[in-house]
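Asker: This is what each chain is made of:
Protein chains: 2
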Amino acid sequence: MSGCVTPGFGFRVTARDGEARAGVLTTPHGDVATPTFMPVGTQGTVKTLTPDEVAATGARVVLGNTYHLWLRPGPEVVAAAGGLHRFTRWPHAMLTDSGGFQAFSLADRRTASDDGFVFRSHLDGSRRALSPEVAMQVQGQLGADIAMQLDVCPPGDAPRADVEQACRTTTRWAARCLAAKAPGQAVFGIVQGGTDAALRAAHAEELAALPFDGLALGGFSVGEPIAKMHEVLAVIAPRLDPERPRYLMGVGTPADLVRAIGAGVDMFDCVLPTRNARNGQALTRSGKIVIKQARYKDDFSPLDPGCPCPTCVAGYSRAYLRHLFLAGEILVLRLLSAHNLHLYGQLTAEARAAIVEGRYAELARAWLEADRPPA
Amino acid sequence: MSGCVTPGFGFRVTARDGEARAGVLTTPHGDVATPTFMPVGTQGTVKTLTPDEVAATGARVVLGNTYHLWLRPGPEVVAAAGGLHRFTRWPHAMLTDSGGFQAFSLADRRTASDDGFVFRSHLDGSRRALSPEVAMQVQGQLGADIAMQLDVCPPGDAPRADVEQACRTTTRWAARCLAAKAPGQAVFGIVQGGTDAALRAAHAEELAALPFDGLALGGFSVGEPIAKMHEVLAVIAPRLDPERPRYLMGVGTPADLVRAIGAGVDMFDCVLPTRNARNGQALTRSGKIVIKQARYKDDFSPLDPGCPCPTCVAGYSRAYLRHLFLAGEILVLRLLSAHNLHLYGQLTAEARAAIVEGRYAELARAWLEADRPPA
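Top to bottom, those sequences are chains X and P.
Just so we're aligned, residue 1 is where the first sequence starts under this note's numbering, counting upward by one.
Just so we're aligned, residue 1001 is where the second sequence starts under this note's numbering, counting upward by one.
Looking at chain X on its own, in the form it has when it is part of the complex:
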């Protein structure tokens, strides 16, 4: 199988429709149909849900955050458990990020150098140094199927010189990460370049020359205008090596996924569906439901009539979910999390089918038109 270089991995595109592609990513923990959405399991759990419930949404890859798991419980504990799969009881594929993003956004007193990041743990103040080699070593101990290279991710409003520097450093670290990769673990490279399509294209070309199993687009959804992101994506995603899986990091809303799939992206992750659920927001095809609103006090209809998710099928009403949310009951966080992740599962499943049947543009239009609150 083409695309991936690490034994046990493969990627093949099975259908194209415009720039959109359907494919299959093969991993040691099973095949993953793409486009796919990967729920975020920051601390070794997709918040509030069991692995069975996550898999029921259609997800076949779960993300773990190296920064969090490095600090707690520690990679040695996860390794002693037999790796993140056995520790968390998730039987399908997993991916870990490099830890760099959180080392920069969450940690105390952080400094960046050519050699990585030095920071203090936000939990206990301990000093940690995250180099490309350490990022690969910790990810190797965690043992996900796919590891991400350490990269530099500048904010959305960074000056051009910083973005250029980030690309240069990321390329140097790319080679160091590949040299330090754990046996049997796939590694994806991360394309930076901000919202400058020419910089992105040049950086993508540099990384494509390296033996990565996939290529990710980092540095989006970091403060830049969303319209700008889609403008750059439309140019850049189709230019990423067509043989390898393309992963758009940290994006986004259902509408963002619909557009990015149209540009040829295969993989996504985002905390949005689960985080919004915990804030009391249900996502539906026709927009958001803010469950605490008084209008739902005696609305005994399900969140989204016709939705096949367990929350809607069980018949929990908006009024009941509102009551649980106002009463601070944990059950509602589960029910909304499952519902929101199911929407992402449905979206990606529908996208795969539409691409195979050559009607992706039509499907995309339907999702984008429905996703406007009624006037």
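These aren't lab readings, by the way, just hints derived from the structure by calculation.
A quick note: this is a predicted structure, and the numbers were derived from the prediction, not measured.
Yeah, the Cβ is synthetic: ideal placement off N, Cα and C, and Gly gets one too.
Heads up, a few of these hints could be off.
Sample of chain X residues at the chain P side, in silico, Cβ under 8 Å [stated by the list, open to error]:
hint : residue
1    : Arg-72
2    : Pro-73
3    : Val-77
4    : Gly-83
5    : Lys-297
6    : Asp-298
7    : Ser-301
8    : Cys-307
9    : Val-313
10   : Ala-314
11   : Leu-326
12   : Leu-333
13   : Trp-367
Assemble chain P onto chain X, guided by the hints.
Answerer: Just chain P now, kept in the frame of chain X:
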């Protein structure tokens, strides 16, 4: 069927072993094998769990708290939803308390009179008056299968005069509750009398003369020594009308249930298994596991090897559960709640089987001996 007076309800004892009894409580929402443990669903949910998960523990009655549901979402909302069963999606039997206990323990600026309790809501300060008639009206709107009479529950160290007065008032309210009961709803009377067996016996006789569908023992587990409770229970429980179900309110640990079943109690409720779970305590046949303890850091065995609950069967290790608890992850609260309720479900199922087979004393001994931490 004997025992219950309300149409649609019945109770029959199917086996006796010493004072212990196995029986069947018939309700409009199905038969309930006794002895039974009723998980507490204070605000219309057994905290952290879905109805399916609660039923999987073997529970066939769930408790709702009238005080909480009266204040939020309000009985008119629950009634408009079609009652507590439809609102919460619990398909089996339900029981609501009268609201009196919480009106006294939780509310602000409460006063008691011969006519009930007047208090301010702890949520919004609104003034509420809880009389026997209001208690029955609100419970009628909530629509559980079984309602509880309004009673006066003195603390465990109350002077004898207060306990006697509580019995007198509770008897007067008993008649008023029965006169005000909602059609089709069973009502249980509540025997008070503190730890004075003679007072208890006299009060039980007064209430047994009234057309209650069952008789409860209130005013236990309110601060008195546990040994004293069991001493009184051993005398009083066998003297409660043998034709009607006997319900011990707010009790207790697995060992408490084992002893009380031996004295002839049929029904129990307690927040202990779910509350302790949320505090990170797993209950097992051989004692408590405090999951945050450092000794579990790399203990990759299940909570309780051989336990058939979903948490243990799925293979979550003590180390993983500890990690989740320290990381503040909601999943662990679910997993421990399900585990603890399963233990209660197993205990009552084993008790029923042992009573039928005439070996309850042996079973009780095994539970009581195992429930000591290893030296």
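Asker: Does each hint fit the structure? Answer for all of them.
Answerer: Here is what the structure says about each hint:
Taking 8 Å as the C-beta cut-off, the interface hint given for Arg-72(X) holds, the closest approach to chain P being about 6 Å. About 4 Å separates the beta-carbon of Pro-73(X) from the nearest beta-carbon of chain P, less than 8 Å, and the hint is met. Interface hint at Val-77(X): satisfied, since its Cβ lies 6 Å from the closest Cβ of chain P, which is below the 8 Å cut-off. Residue-level restraint check for Gly-83(X) is violated (minimum Cβ-Cβ distance to chain P is 12 Å; threshold 8 Å).
Because the beta carbon of Lys-297(X) sits about 7 Å from the nearest beta carbon in chain P, less than 8 Å, this interface hint is met. The interface hint given for Asp-298(X) is met, as the beta carbon of that residue sits about 5 Å from the closest beta carbon of chain P, less than 8 Å. Hint status for Ser-301(X) relative to chain P: violated, with the closest Cβ pair at about 11 Å, above 8 Å. The criterion of a C-beta within 8 Å of any C-beta in chain P is not met by Cys-307(X), whose closest approach is roughly 16 Å, and the hint is violated.
The restraint placing Val-313(X) at the interface with chain P is violated, with a minimum CB-CB distance near 11 Å, outside the 8 Å limit. At its closest, the beta carbon of Ala-314(X) sits 6 Å from a beta carbon of chain P; the interface hint therefore holds under the 8 Å criterion. Hint on Leu-326(X) holds. Least Cβ distance to chain P is approximately 7 Å, under the 8 Å limit. For Leu-333(X), the shortest C-beta to C-beta distance to chain P is roughly 6 Å, which falls under 8 Å, so the interface hint holds.
Annotation: interface hint on Trp-367(X) violated; nearest CB of chain P at approximately 29 Å, more than 8 Å.
In summary, the numbered hints that this structure violates are 4, 7, 8, 9 and 13.
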